[in-house]
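Given the coordinates of chain A, assemble chain B onto it according to the supplied hints.
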Amino acid sequence: MDLNALRYAASHEWAKLDADLVTVGITKFAVEQLTEPTFLDLPKVGQTVKPGQEVGVIESVKSTSGINSPVAGVVVAINTSLVDDPATKRRGNLALVNDDPHGAGWMFQVQLAPGATLDHLLTKDQYDQQIAGH
Amino acid sequence: MSNLRTALYDAHRTRNARMVPFAGWDMPVQYAGIIDEHKAVRSAVGMFDVSHMARFSFAGEGAEELLEKVFTNAVGTMKDFQVRYGLVCNEDGGTLDDVLIYRWPYGYAMVANGSNRIKIFDWLTKHAGSDVQIQDQTLATTMIAVQGPKSTEAVTGLFEHDVTKLKYFFAQPTRYRGQDCVVGRCGYTGEDGFEIMLGNVLGPTLWNDLLAKGVVPCGLGARDTLRLEAAMPLYGHELTEKIDPLQAGLDWAVKLSKPFIGRDSLASANEAAAHRPKRIGLELEGTRAAREGCTLLADESTPVGVVTSGSYAPWLEKSIAMGMVGPNYTAPGTKLLVDIRGTAVPATVVPLPFYKRAK
Numbered sequence: 347m348d349l350n351a352l353r354y355a356a357s358h359e360w361a362k363l364d365a366d367l368v369t370v371g372i373t374k375f376a377v378e379q380l381t382e383p384t385f386l387d388l389p390k391v392g393q394t395v396k397p398g399q400e401v402g403v404i405e406s407v408k409s410t411s412g413i414n415s416p417v418a419g420v421v422v423a424i425n426t427s428l429v430d431d432p433a434t435k436r437r438g439n440l441a442l443v444n445d446d447p448h449g450a451g452w453m454f455q456v457q458l459a460p461g462a463t464l465d466h467l468l469t470k471d472q473y474d475q476q477i478a479g480h
Numbered sequence: 248m249s250n251l252r253t254a255l256y257d258a259h260r261t262r263n264a265r266m267v268p269f270a271g272w273d274m275p276v277q278y279a280g281i282i283d284e285h286k287a288v289r290s291a292v293g294m295f296d297v298s299h300m301a302r303f304s305f306a307g308e309g310a311e312e313l314l315e316k317v318f319t320n321a322v323g324t325m326k327d328f329q330v331r332y333g334l335v336c337n338e339d340g341g342t343l344d345d346v347l348i349y350r351w352p353y354g355y356a357m358v359a360n361g362s363n364r365i366k367i368f369d370w371l372t373k374h375a376g377s378d379v380q381i382q383d384q385t386l387a388t389t390m391i392a393v394q395g396p397k398s399t400e401a402v403t404g405l406f407e408h409d410v411t412k413l414k415y416f417f418a419q420p421t422r423y424r425g426q427d428c429v430v431g432r433c434g435y436t437g438e439d440g441f442e443i444m445l446g447n448v449l450g451p452t453l454w455n456d457l458l459a460k461g462v463v464p465c466g467l468g469a470r471d472t473l474r475l476e477a478a479m480p481l482y483g484h485e486l487t488e489k490i491d492p493l494q495a496g497l498d499w500a501v502k503l504s505k506p507f508i509g510r511d512s513l514a515s516a517n518e519a520a521a522h523r524p525k526r527i528g529l530e531l532e533g534t535r536a537a538r539e540g541c542t543l544l545a546d547e548s549t550p551v552g553v554v555t556s557g558s559y560a561p562w563l564e565k566s567i568a569m570g571m572v573g574p575n576y577t578a579p580g581t582k583l584l585v586d587i588r589g590t591a592v593p594a595t596v597v598p599l600p601f602y603k604r605a606k
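In order, the protein sequence lines correspond to chains A and B.
Number 414 in our numbering belongs to position 68 of the first sequence; there are no gaps in the numbering.
Number 396 in our numbering belongs to position 149 of the second sequence; there are no gaps in the numbering.
Please keep in mind that the hints were generated in silico from the structure rather than gathered at the bench.
Don't take every hint at face value.
Stated by the list, open to error - The calculated DSS-like cross-link candidates involving lysine-lysine, where the alpha carbons are at most 25 Å apart (straight line), are:
1. B/LYS606 with B/LYS565
2. B/LYS316 with B/LYS397
3. B/LYS286 with A/LYS435
4. B/LYS565 with A/LYS435
5. B/LYS414 with B/LYS582
6. B/LYS373 with A/LYS435
7. B/LYS373 with B/LYS505
8. A/LYS396 with A/LYS374
9. A/LYS390 with A/LYS435
Claimed, not checked - Derived DEER-like restraints, expressed as beta-carbon distance ranges:
10. B/PRO593 with A/GLY392: 17 to 27 Å
11. A/GLN475 with B/ASP369: 43 to 53 Å
12. B/THR372 with A/PRO432: 51 to 61 Å
13. B/PRO574 with A/SER409: 45 to 55 Å
14. A/GLY392 with B/LEU563: 54 to 64 Å
15. A/VAL422 with B/HIS522: 48 to 58 Å
16. A/THR463 with B/GLU488: 31 to 41 Å
17. B/PRO574 with A/THR463: 57 to 67 Å
18. A/GLY412 with B/PRO574: 33 to 43 Å
19. A/SER409 with B/TRP499: 29 to 39 Å
Where a beta carbon is used, it is the ideal one built from N, C-alpha and C, also for glycine.
Same shape as in the complex, but just chain B:
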């Protein structure tokens, strides 16, 4: 089966992006180079084609009830135009996905991971009553993330509304060249930025408008190293059906005080929190990267955990990793070893995030 292509596929190929299969799509992993793209986002502004992310819209009387039931964070307390992060869990508390919910005066929208699009759509449909209509808008729309300290300059003048006035984690339905679109102030890089969703027809035009403003095109490679420095979990790594949101350190996005699917399992797990493995951050000696699956050891012969993501960090210029370890090894300052292809590389547990932008 061939991969899906975003509306920006030709724009990527024209600029010699290296394309890779990702979540069933052909996506650019890099243009000129991951390190330069990463630094462009930290120091100026870059953009990403994130059209592979799943975009669902919800209408009908039952929309709020459905979302409140499947989402670990609170939906009812959201203001109109607010965006909220949370998890979708199964009955056991295992993580099915991490998603953003957008609240509109007329309904809701959700952005989920591309790799989970079908799974989440089926999950939502299964739990929806007859009074809610769910639409998968992914294939008809383009999504571009503009990220970096100069992202406000980059989006200025492009939209009917002044989106630079948006507060973080709020969104604005507006128009681009006369066509409806949505601009949210959020992202997955640890920088200020915007995520723009619009119909496919004008996707390449917006991409080119942003290029003309000097925005650096970036691939999924830089997106991954940026989110790692910002210690944001990536589904399939720090979050899986076997790793629940509390173990991943996402307590702030789990409202145990309200009912939702998986709530009871998570509440009991939370009582045993002191005895469960948890997500930690690690700084390694040297620049060698720990990769997903590397064993974490307390000493040469005592495995205590596993690396979930690791890389050379282009902005911090050191080797960093996240992993899951047993409860006795989570304190910052704890010395561990990472087994990298048979070599035990010393590492220290550090507080997360590795990188935080100056306010």
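Isolated chain A (complex conformation):
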């Protein structure tokens, strides 16, 4: 994963654009601040989302943080391997978020709304500046 190719929200989500499909996760910095995730709630497939809208929750032993959609559009997929599956009682593999936040730990995908872009999001340099000093 080329981190320079991603765009970033100040609230620590990353966004990767392929055609009009945006993959979203949380940054390595966010995971390190959060420490080991213990619970994840993701948006519903089909849900319409706006930039900055809280669409999920991630928890660690010590903290609860909202997950915001960085872009406008419709959620078309979630990373089902992360979340519990009540039907089979399979527990979600949250370690993926910890181990590979910019890859296998991706969270959901948004089909961009017509005309929507990622231009309002931070570049890697801008995001690095924001988290510098922490």
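Chain B alone, transformed into the frame defined by chain A:
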């Protein structure tokens, strides 16, 4: 105002502990991770810098009288070298702190919460006669808690006395590398363990000796999840000036048969016990954590209480919480809802503690 630092501050920073402000101190909240540290204490042995806890010593003829007056549990019946848990209450029975008292042949000591150090010192001073001398030894001393099933191996050979022979809730004044120290067999994790108090100069040396023996350094984060699984109250959560010890379920540490400050209020409250909110334990569905302040509901529209502590429990691998609820909702098996950021999560009242070590 900058925070106080324990003698182990540099040792924490060297090992990349994440430091947070706590009770006026810079303290490590975690090293590698809360979950691994928690499991190390349950399965082997971990250690905590608890130097932020308040340590007072008492000398003089009036020491026992003072402690008997401010402590809900009995002091006069303690044996030399015994350690006893109890509460300090105000006149209304509200809890000022939960503390341990140590009885020596030559006086007494008390360990109180770091967040209450000044308040309790002032309270003790206010109620002390001229025949008792109280010293706050907190800033001059280091306190390390060694906790876990392998804690006896960890402390073996470190002290002049064989502290592994200590009974639970007894303490031994002894020497470490020639310097006076105190080792008590007690803790705040639900495991067997030791709490060691010594002068600051040798604090880092003892920490390093324990590291060399394979003891896992742990932060206050794991200390909190460990005490929650063991259902031990935390001051400011299950105990406050608004929550008295009887509501917190600490009847065993309150001797209404002796006089102490707050006794009369607690005795009248006890007669109305059936009508008062009480501390309960909850197991939640799923792994989402209930946090302090979450409302407890009997059904979608009927609030009946509040969460005082809650977390994902690393050893039990489920979401647990303690809270205060009205008298009709305390029976184990009672179904409640926890309002977590607008989502009603089903929960069941369970007996406390959540976790008890095998004897």
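Here's how the hints hold up against the structure:
In summary, the hint linking B/LYS606 to B/LYS565 is supported, as the alpha carbons are separated by about 23 Å, within the 25 Å threshold. Between B/LYS316 and B/LYS397 the alpha-carbon distance is near 38 Å, which puts this suggested pair outside the 25 Å criterion. For the suggested pair B/LYS286 and A/LYS435, the alpha carbons sit about 24 Å apart, so the restraint of at most 25 Å is met. Only pairs whose Cα atoms come within 25 Å are accepted, and B/LYS565 paired with A/LYS435 is accepted, the gap being roughly 14 Å.
Annotation: proposed proximity of B/LYS414 to B/LYS582 is violated, straight-line Cα distance about 40 Å (limit 25 Å). Between B/LYS373 and A/LYS435 the CA atoms are separated by roughly 59 Å; this puts the pair beyond 25 Å, and the hint is violated. A threshold of 25 Å between alpha carbons decides the hint, and for B/LYS373 with B/LYS505 the separation of about 21 Å falls inside it, so the pair holds. With a C-alpha separation of about 23 Å, the suggested pairing of A/LYS396 with A/LYS374 holds against the 25 Å cut-off.
Among the hinted pairs, A/LYS390 with A/LYS435 is consistent with the structure: their alpha-carbon atoms are about 19 Å apart, no more than 25 Å. Here the CB-CB span from B/PRO593 to A/GLY392 is close to 26 Å, well matched to the stated 17 to 27 Å. Hint check: A/GLN475 to B/ASP369, Cβ distance near 47 Å, so the stated range 43 to 53 Å holds. Taking the beta carbon of each, B/THR372 and A/PRO432 are about 58 Å apart, inside 51 to 61 Å as hinted.
Taking the beta carbon of each, B/PRO574 and A/SER409 are about 33 Å apart, not inside 45 to 55 Å as hinted. A hinted range of 54 to 64 Å is violated for the C-beta pair A/GLY392 and B/LEU563, which are about 35 Å apart. Evaluation of the 48 to 58 Å hint for A/VAL422 and B/HIS522 yields a pass: the beta carbon distance comes to about 55 Å. Our hint of 31 to 41 Å for A/THR463 and B/GLU488 is violated, since their Cβ atoms are close to 55 Å apart.
Between B/PRO574 and A/THR463 the C-beta distance comes to about 58 Å, which sits within the given range of 57 to 67 Å. Between A/GLY412 and B/PRO574 the CB atoms are about 36 Å apart, so this pair conforms to the stated range of 33 to 43 Å. At about 34 Å, the CB distance of A/SER409 to B/TRP499 agrees with the hint of 29 to 39 Å.
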